[in-house]
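Chemist: Here is how the chains run, residue by residue.
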Amino acid sequence: MESQVLEKRTESELLPTQEIGSIAKPAWRVKGVTSDASLTWSDIKEAEFWGSKLDVPNYTDLIALLKERLNSKRPPLEEERTAIREWSVLYALRMFESVGLSRVYSGEQWRVEMYEHFVRNVEGFKLLGSVQSFDYKYYTKASVVSPPKFRNPIHLEEFLFVKKHSSRQLKVPITGPYTIVDWTFNEFYETDLRKKKGSNAGRFNFRETYFDARRRFILDLVRNVFRPEISVLTQNGANWIQIDEPAVTTHPDKLEMDLFVEAINELTRGFENCTFSLHNCYSDYRLLAKYSPDLKDITQLALEFANRDSVDLGQDSNTRPGYQELSAFEDEGYRGGFGLGVVHVHDYFGEPRGGALVEGNDIIESPKLIRDRILYASKLLKDPSRISVNPDCGLRTRSWEITYRKLQALSEGAKLARQELSK
Amino acid sequence: MSSSAESALTGIHPRSEATIRVSRDFDRGRTTQDSLREAFRRDAYDLVCLQKEEGIDWVSDGQLTWQDFLRPICETFDGLKIGADLFRWFDTNTFYRRPTVVGKVTVRENDGNNSFYERHTVWGSLGDVAAGKRKKLALPGPLTISALLEDKYYPSKKDLVKDITQALAIMIDFLANKGISCIQLNEPSLVYKYGPSEFGGEAYQDIFSNSISDHLARSRAQLWLHTYFGDCSKVLSQLLKLEPFELVGIDFTQTPLSDIEGCDFSGKSLGCGCVDGRNSLIESPDWIADFSKQASKVLRPQQIVIFPSTDLKYLPREYADHKLRAVAQAAKLLR
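Protein chains in written order, with the working numbering: chain H, 1288 to 1710; chain E, 133 to 467.
Just so you know, the hints here were simulated from the structure itself, not pulled from any lab data. Please read all numbers here as calculations on a predicted model, not as lab measurements. One or more of the hints may lead you astray.
Subject to a maximum C-alpha distance of 20 Å in a straight line, what follows is the list of computed SDA-like cross-link-like pairs (lysine to any residue) [stated by the list, open to error]:
#1 Lys325/E to Asp363/E
#2 Lys1483/H to Leu413/E
#3 Lys284/E to Ser1597/H
#4 Lys1424/H to Glu450/E
Sample of chain H residues with no beta-carbon within 10 Å of chain E, all distances over it, derived [to be verified]:
#5 Glu1366
#6 Arg1407
#7 Asp1545
#8 Gly1557
#9 Lys1583
#10 Gln1611
#11 Leu1703
The C-beta atom is built at its ideal place from N, Cα and C for all residues, glycine as well.
Start from the sequences, fold in the hints, and give me the full structure.
Modeler: Listed below in structure tokens is the structure:
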């Protein structure tokens, strides 16, 4: 696959490490920007603890601001909200930098949530309410009620802030068009298409308008919102964009997968100075593998593997079942890089085994387990330079303590793997 | 059943925004199990009241506490263990924890059924709010349970399906004694075209049919069978032959009515799943009634029960409640 080149790297190091996206928002970040939740001393102590531990420059200014908020009965001013949000980004950045990640970003502290942040900032969407994802996890779902229009840059302010405060390679995560469409009720396009086809079209055949309406929605979204957004970001210096597409393979249909490929290729077309990676998790990788060579400008697939793997130490196919689907991508002809998921991000209910600690519902993978996962993947791909190392997905459901320990282990595990590979 | 059109819900109803807030707080350690339990109880109470006000004929408690459609079963049956891994629930943006079969599947000893009733229905805490109403509960069917779990015990799927059906039969009788008049078995795996191919094959349809006939023939509850997330036209004739089911449901968002013309519904009722459980556009009662009339004309069922194509949990609560009202009003229009 000639069009797919290895990542345009700025790092010389083998096995660069990266985060995927969001981490949990600290209580002081959540409560500090809302008027209906009161900050507590314990929240401030948490800010103090992490400020000191991560050596966040001037973090005592945040503590002073939080103390003022604690004693105030008025709602936060807009400038206070902004300041608290910015502090939260700085804390996340410092966490990533202090554990030694090569590619960093804001931990999405700037954003409400990956879907809601996008739809709130684009014309044409109406938020309808919450829908369960799993267990007690939910997301706010919107409907498209008019053709989507680019209003203002969605991620620029966040990007410029992060750029000002970090000298590492920045990787900007954006929620991809297929996911936005799949998670949105398609009221406008379905109604519009039915009208255009005549008042009775689709009346007793629900499937008649479904796909056409979906295709019109996604292509309008890419052309009218995503491309202007990428233009703005790249003009301001963004050179790596990670397109988050958790919804891909939800509908394992050729029509749907072709639509996904068409949308991504249209989105990335012509942005020569930007690296594009694609993140997907909890999906059918055999299916994704089949279409991966068609993603013309995607040079890294950041995927979830730890969730599928055992936690025993070892570098063979028996101990590393979770990584075997890498072969499917190879077999289908994908020759780009991989962001290798090496730590689990959700609650863990399995037994503790040799390669990990289990504390409550958290699993803390050991550096040796992470090393083994990387080395096994290197062996399968026969080329460690195609591997970057990351968590399966954003760590937002974990506490900061667990996130920190997992990222430390990830960084340490990558180091152990580098040592092995350099022998 | 009486001769007029009736109405029901299909499965899990979405939690209210208030319950979602409490459950989020619980998840983050900010509130207690008791607060969460009370939030679920209040939510279920409101939902039952809404169904009564609107005239829904078969009342559900909404199954609001169910984290996913398999989990309560796993917690009730011996031989099944809840997995750590998250798996996508068909082609939706919701996930379930995949169970693993680690031993022979039976209803858990030491009062497993009672534990199911206490933990996974809220009828016991709702007083007499549903007095005089027929209560309905949806359970995953044996083929769907078998298709979605990881089997590390049974040498053949046939034995697994049989044991699950037997355990379900025992549970269903227990629930009938507790006053649940109708159990609806949901079997999306029978029709889901992207599922494991073995389950779509005729051999498994036979295993399913035999298990159902062997174990559910003498059930004390009224049994309904519903298929969704796929086109049922290829399997419908076989499903209509299954004696234990008084009603067979169809997801009309996936199965064109024209494709099942001529299917013999004599002696069976039709579960008319024409209200799209995955679309926020609210169907008008007139449209639903028109569609149901048309379906009735084409399929000639003994009776028609209008319900959403699938669980309404894929919609925010407000929209699900609008759909519930539309279903109830459409059934009234047909009376």
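Chemist: Indicate, hint by hint, whether the structure satisfies it.
Modeler: For each hint, the structure was consulted:
no.: 1; hint: Lys325/E to Asp363/E; verdict: holds (8 Å)
no.: 2; hint: Lys1483/H to Leu413/E; verdict: holds (17 Å)
no.: 3; hint: Lys284/E to Ser1597/H; verdict: holds (16 Å)
no.: 4; hint: Lys1424/H to Glu450/E; verdict: holds (18 Å)
no.: 5; hint: Glu1366; verdict: holds (28 Å)
no.: 6; hint: Arg1407; verdict: holds (16 Å)
no.: 7; hint: Asp1545; verdict: holds (16 Å)
no.: 8; hint: Gly1557; verdict: holds (31 Å)
no.: 9; hint: Lys1583; verdict: holds (26 Å)
no.: 10; hint: Gln1611; verdict: holds (15 Å)
no.: 11; hint: Leu1703; verdict: holds (25 Å)
Hint compliance for this structure: no hint is broken.
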